[in-house]
Amino acid sequence: MRHYFWRSALVALIAGFTAISGPVMSEPLARPSAFDGDWSVVIHTRQGDCGEALRYRVRIVDGQVRSNDQGYRAAGVVARNGRIRVMVAEGDRSASGAGRLVGNAGSGLWRTDRGDCVGDWTAVRRPSDW
Amino acid sequence: MDSEADFKNALPAQPGPWLILSSGGGDGAFGAGLLVGLSAAGKRPDFTVVTGVSTGALMAPFVFAGSRYDEALKKAYTTVTAADIYEAGGSTGESFVNSWPLRDFIDKEMTPELMADIAAAYRSGRRLFVITTNLDAERFAVWNMGAIAAHGGEDARRLFVKVLLASASVPGAFPPVLIDVEADGKRFAEMHADGGLGGQFFVAPPALMATTSDYHLPATALYIVVNTGLERDFTVVERFAPSILTQAVGAAVKVDTRLMLTLSYAAAKRSDVAFNVATIPASFDAPSRGAFDPKYMGALFQTGYEQGKSDNPFSPEPPPYPSGPSRAPSHIEKTGAN
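Going line by line, the protein sequences match chains A and B. This note's numbering numbers the first residue of the first sequence as 29 and each following residue consecutively. This note's numbering numbers the first residue of the second sequence as 148 and each following residue consecutively.
Simulated from the structure, these hints should not be mistaken for lab results. A portion of the hints provided could be inaccurate.
Claimed, not checked - Taking beta-carbon pairs under 7 Å as the criterion, some of the chain A residues facing chain B (in silico):
#	residue
1	80
2	83
3	85
4	155
5	158
Source: prediction; values computed, not measured. A virtual CB, placed ideally from N, CA and C, is assigned to each residue, including glycine.
Isolated chain B (complex conformation) (with noise of 0.2 Å):
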C-alpha cells in the first residue's frame, strides 16, 4: 500500500478491535505471553485488525490466525536461542551478523496450513498488516499480508516470508532484504529493513495520525502491546561497537516508543475510540546471559501470560513517564557499588 487511500481502502468495512503489535526483539516474549494469557482467560477480542513490526511482525501471523495458534506462538518466544536468530562472524558486508537462522526459521514456521488460515481470515474481511522500511525510498511500507497469503501458491509464501524477515531486519545488525517488485514496466529489487525505523508501532499513515489531522480511526478500540521495557535502565556501556549500537538503539526505541503512544493517545481520543496500552511491568528484572536467552524471554512469556489472565491485562492511558535517576542494575545494587 502506497498511500493513506490504499491503507483506507484496505480496512475492513466494520469497526472493530485493532490490536498493534510493537518491537521489542526478543522481548516480544511479553506481548505472546499476554496474547496467550488472554486467551486462556476466555477474553482475547476477535481483533479485525492486527498490525505487526518487526518482532511485532512475527508474532502477528500467529495471533491473527487465532488461538489454535498460541501453542506455536509460546513455543516460538520460549524455546529459540540466539542460534537460532543470527549467525556471528564474519560480517556479510551489509551488517554485523547474519540472518539466515532467522529465514529459516520463519520459513519453517508459515505452514501451507498457516497460510490458508490467514488468507481465510483475509477473506472474511479482517486484515493482517505488517510494515518494513523501504530504504531505497525512505519511506515505511503497509504490506496487505492476507492478500499476499489469498493469492496463494509458493510464491506467494515466500513474498510472506521475505516481508516477515525484512521487519525484523535491523539495519546493521542483520542484512536488509531485497524484494522484487515491477513498476511501469520495469522490474527491480527494492531494499526493506526493519520496520521499526518508522516507528515501533504502527496504528495507521503519519498522515493520518498526525495531530492536525481530522482522521477518525475506523475502530471501537485500540489494543496496543509494548514489546519493550520503557523504564531507563543504568547500564555501563562497553566500549565496542555492537555493545554501543545496542544501548543507543535500545534508548532511542524507548524515546520513540513513548512519542508514539502520546500521538496513538490522541488519534484514539480524537476518534471517540477506546484506548488499551500493556506494557512490560517496571518490576520485570529477570537477568539475561545474553540476545535471546530462553530462561530470560520464559520469564517475560510469564509475566505476560500471568498479566494476560489478569483482570487488568491493560491500561487505559500511556504508562506516566520516568523521573529521577536510570534504575540501576541488580548486580551493582548487590555489590554496593554505583
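So that you can see chain A by itself, here it is in the shape it has in the complex (with noise of 0.2 Å):
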C-alpha cells in the first residue's frame, strides 16, 4: 500500500524551515538582508508521518521569508543576527519553528502546530545552477 502525502509533506517542507524554540529576532529587516537570496532546506522528521526527510526550496527578500507556491501560504522573517522563524499554513493544517542562519548555512527545529510531526532543519545557501 502507498501513500503520498503531498499536502503534509509541503506544510511540513516549509514548517522546517523554522524553529520552536529560543529567541527570534524582535526587529524584523525591511530592507535588504545578508540572508537573502534562494536556500535550500532539508526538513527532518524526528516524530510523526511527515515523511522521512524532504527538501525544499526557500526565498529570503528584504529578510522576508516568501512562499512561491500556490499550495501554501508562508509568513517568516530574519533579523540581522541570523535568527529566523516562520509560520506555514496549508488548508486546515499549519506549522511554526525557528533557527538560525549563518553565512551559507543553518539549522533549528520545527513542529506541526497540533503536535503530531517535530523534527529538525538543516538549510545551505542555493547556488544559481540548482
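Two chains, two frames, some hints: make the complex.
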C-alpha cells in the first residue's frame, strides 16, 4: 500500500525552515538582508508521519521569507543576527518553528501546530545552477 | 539508435538471457532486492542484454557491471530519502519540483570505476540499453550506454548521467533534460523525459514487438522485473493537483505494464524464448510515510531479496488480471470504514 502525503509534506517542508524555541528576532528587517536569496532546506521528521526527509526551496527577500508556491501560505522574518522564524499554513494544517542562519548555512527545529510531527532542519544557500 | 535496424545491429552476436527492468519510482527497491537476492543465491544469470526504463534505468548500470556492485545497489534503494531525489517549493516553470538532488546523486554514483566496468562489459559483447522519450519528436530513444561508457572521458560520463536522469524524469513532476545533439551539421538541444512514456519497460522496438511482426527475439530467455505493484488499490484521492496526478499516473502505469507483459509474453512465445517475470507480491502491504520513504523501501527491498533467494523468483506467465473490487487500504480495514 502506498500513500503520498503531498499536502502534509508541503506543510512540513516549509515549516521546517523554522524552530520551536529560542530567541527570535525582535527587529524584522525591511531592507536588503545578508541572508537574502534562495536557500535549499532539508526537513527531517523525528516524530510523526510527515515524511522522513524532504527538501524545499525557500526565498528570502529583504529579510522576509517568501512563498513561491500556490499550495500554501508562508510568512516569516530573518533578523540581522540570522535568527529566523516562520509560520506556514495550508488547508487546515499549519506549522511553525525557528532557528538560525549563519553565513551560507543554517539549522533549527520545527513542529506542526497540532503537534503530530516534530523535527529539525538544515539549510544551505542555493547556487543559481540548482 | 534511431531505427529497428540500428537496434538489431547493436545486439550481441550470440543469443543470451535478457534482463528487462521496468519503471516504478521508489518501488525499484523491489527489483534491486530481487537481483541482490539472486546474486546471494548464486543463480543470477550472466545477462547479455540489460534494458532499463526510469527507475529501472537507474539500477541497470549497477546490475550490468556485475554483483560486485550489489552493495551500492542496495544502498541506493534503502537509504535514499525524498530529499535526495527532489526539491519542492517554487515550480521551475517546467515542473512541480526540481530534480537537481537526483542529478547530483546519479553523478556521484556513476563513478569512473563503474564507467570502466561498463565499458569493459560492452567490449566483451554485452549490451546495456536505457530508454528516454524525445518529447520534441514524440518518439522513444534507445541509448547504447555501454558504447557511451566505452567512448571514455568526462564528457561521455556526463552524457551517461544526463541520459539516466532523463529516463527517470516524469514530465510535469520533474523538469525534462536537454541533450545536445548534432544533425546535418547543426547543433541543437533535444528535450528528453521519462522513458516510461513509451512503455513501462523495453524489450525491443514496438514494430518488432507487434503481434503482427514475425521478428524473433535473439535471446535465450527474457527476465522481466516489474518494479510497480499491479494490484488495484483503493485510495480516497485528495483534491490537490499533485495527488490527483500521482493517482492518475499510477493507475495508467498499472494498465500499461499489464498490456506490455501480454505483448512481451506473445513475442517470447513467437520467438521460442523462455518467459520469466517477477512482480511485487500482492501480499506486500508495508505502509509508506510518503514518496521515497527509506523504511518502506527497505521493507520492499527485503521482500525482493527473499523472492530472489527463493526457489521460484520468477513466474513463467504474466500475473492474472485482478477481479473484484479494488484492494482496500489497511487503515480503513482496521477502522471498519468503507
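Evaluated hints:
no., hint, result
1, 80, "5 Å, holds"
2, 83, "4 Å, holds"
3, 85, "4 Å, holds"
4, 155, "9 Å, violated"
5, 158, "4 Å, holds"
Hint compliance for this structure: hint 4 is the single one not met.
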